[in-house]
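There are 2 protein chains.
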Amino acid sequence: MFHLIQNCDAARRGEFTTPHGKIQTPAFMNVATAGAIKGAVSALDLKDLKCQVQLCNTYHLHLRPGDETVRKLGGLHRFTRWDGPILTDSGGFQVFSLAKLRNITEEGVTFASHIDGRKIFMGPEESMKIQSNLASTIAMAFDECVQNPAPYEYARDSCARTVRWLCRSKEAMNRLNREPGTINPRQMLFGINQGSTYEDLRVDCMKRIRDLDLDGYAIGGLAVGESSEEMYRIIEAVVPEMPMDKPRYLMGVGTPGNILEAVRRGVDLFDCVMPTRNARHGHVFTRQGRRNLFNAKYELDDTSLDPDCDCPVCKNFSRAYLHHLFKSGEMLAMRLCVMHNIYFYNSFFEKIRGSLQNETFERFYRENLEVLNRRI
Amino acid sequence: MFHLIQNCDAARRGEFTTPHGKIQTPAFMNVATAGAIKGAVSALDLKDLKCQVQLCNTYHLHLRPGDETVRKLGGLHRFTRWDGPILTDSGGFQVFSLAKLRNITEEGVTFASHIDGRKIFMGPEESMKIQSNLASTIAMAFDECVQNPAPYEYARDSCARTVRWLCRSKEAMNRLNREPGTINPRQMLFGINQGSTYEDLRVDCMKRIRDLDLDGYAIGGLAVGESSEEMYRIIEAVVPEMPMDKPRYLMGVGTPGNILEAVRRGVDLFDCVMPTRNARHGHVFTRQGRRNLFNAKYELDDTSLDPDCDCPVCKNFSRAYLHHLFKSGEMLAMRLCVMHNIYFYNSFFEKIRGSLQNETFERFYRENLEVLNRRI
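Heads up: the protein sequence lines correspond to chains A and B, in order. Heads up: the first sequence begins at 1 in our numbering, then just goes up one per residue. Heads up: the second sequence begins at 1 in our numbering, then just goes up one per residue.
Extracted from the complex, chain A is given alone in its bound form (with noise of 0.2 Å):
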């Protein structure tokens, strides 16, 4: 359920209420692909994090340890022991970029694993199974990501076959979710709308899904190939004809402009690997720029990565100690950045919906959208 605290023209501020707990909207979703974030960060230190939601990613869980494997040891939440809300993507999008030989049909997609090359069939009845098992707060419905630029005809077809991907997808979670032994019986189902950059199909996709009544809609297949310019295009065109009362997640997205940018024309959840993997490369966010770790600069720059940061990092660590550890190929540099990075994120989503809540977004908006991009 999703409850509208505070708007503020386009932009919102909410709370959206899940089996595994209240996510304050606008929020980040801390990317744990493989039921771990990448960088030696464990479900126990995203408390110390400000994380709100874990998102798991449903083809790399499917081909390893295997959902059933996970459903076996009592799903995601006990399996990572994070017992916050969930989301799973629903395989979709990696079918697409990850795996090798695709054949997609009517019924789904039959593609090669990128692990060991074995043949895998999946379809929206597989996706929500292997979803169930998880037992995700939120499953996603199995779509076609289509990379951008995409011919029209081809981005019309496969907009039409991932309509009819998500009546099945919604019909196998009802399904699913009334079977005995089901983990988390009160599963979620997010629609995704699909269209490439061209509005009409977006539009259209868009007032044909939400009469579905499904728990929250997603705009997909953006920051894939296309500027941003297009992106934010396509946003303002679909978000009017999203329903107000469900939460809206722009998948994949992005820097902390995109955000400010995506949040200023209604969105409400987003996820993305940049914070965990910049950090990995050295690549720190700070409230006054982005830094390079391995910047000879810092070699003897005793001062923490960010000033005006309350991160276990930034209380403890210098710019000089990291540096060293990159340098020496220590694994400890990542895991300390990947850190920051998290905290960072989920601090501006805090940050924002305060901005939010006292009607002082705008400001927010002009005074941190360059320079959180800027290289420092």
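Hints are supplied without guarantee of correctness; some may be wrong.
[As the list claims (entries may be wrong)] Listed below are several chain B residues computed to face chain A (Cβ distance under 10 Å; list not exhaustive):
(1) A36
(2) K327
(3) M334
Since the hints were derived computationally from the structure, they do not count as laboratory data. Since we're looking at a predicted model, the values are computed, not measured. Cβ atoms here follow ideal geometry from the backbone N, Cα and C, with glycine treated the same way.
Dock chain B against the given chain A, drawing on the hints supplied.
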């Protein structure tokens, strides 16, 4: 200052007071080679892992980030944020094991860095200067660590030179501790007993160095190629010649069984990369024996690594989760197992101390000697 609390035949329970706090002995020193425990464990984590002492490597830190850099950053305590005792080795062991193209003279050793091949000279004065810059609690004298087996004549001449180097190390440290601007003017010095597997050389060396009134004495050059039985024989020969009122440190040892045997013969301090290195390869120590987490039998095992263990890992995560993390190449696998193994070693020493204190060490020794090394 070393205070003897309880004797149990040769074994002893003591307390070693340093400028950075007291160490309850027998104690394990946790190896943080380049200023960080390998496996993404920070100084802050060590507080939860019953760690008393951190050991850092002079050779590695001299090469990277450079001891002058560490000095400018306030020394190792400020750099790594560990506020307890830190022991630095002398660099000797790594010069003789890692570096290339060594040339030994009476003055010291010229060698090529294993990182970039650059030529470096290190003698007793250089090692002491580096360790003074690092500002560790305890510095080790510069020695030659001879691989076993070694020809008698080589061991004899090397040992005599190591004794001469020890005298120069002591003089250098006295001078450095008095210099204005020295970060730790109360830096302690341990001498190192050498002599390969020859009892007469070992005893003669110990007799010559014990009168130097150093802060502690180490037995070096063991666990470098000889059998465990030879190692125990040498410890038995050397310990009676070591001062009663100084801590005794067996360098680079070892398995839980090795440690029990050495404690039983009167050793107080230990260090070894085994708990951390094994953990990174999925091998964990438990009270029931050693486990290999890559083993397929753990795929559906929902129990903790060691049901008798109170560490943060055993209190939260299952063998199945750790097995999955290793199979998926997730860094978190290494961190969690390193944490467990460090905790295992430090609490193993806690139990040794307890058994010495209540005079049940012999029973503890008999009950644990075989079981802890068993593969299960």
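Each hint, compared with the structure:
no., hint, result
1, A36, "holds (4 Å)"
2, K327, "holds (6 Å)"
3, M334, "holds (7 Å)"
In this structure, every one of the numbered hints holds.
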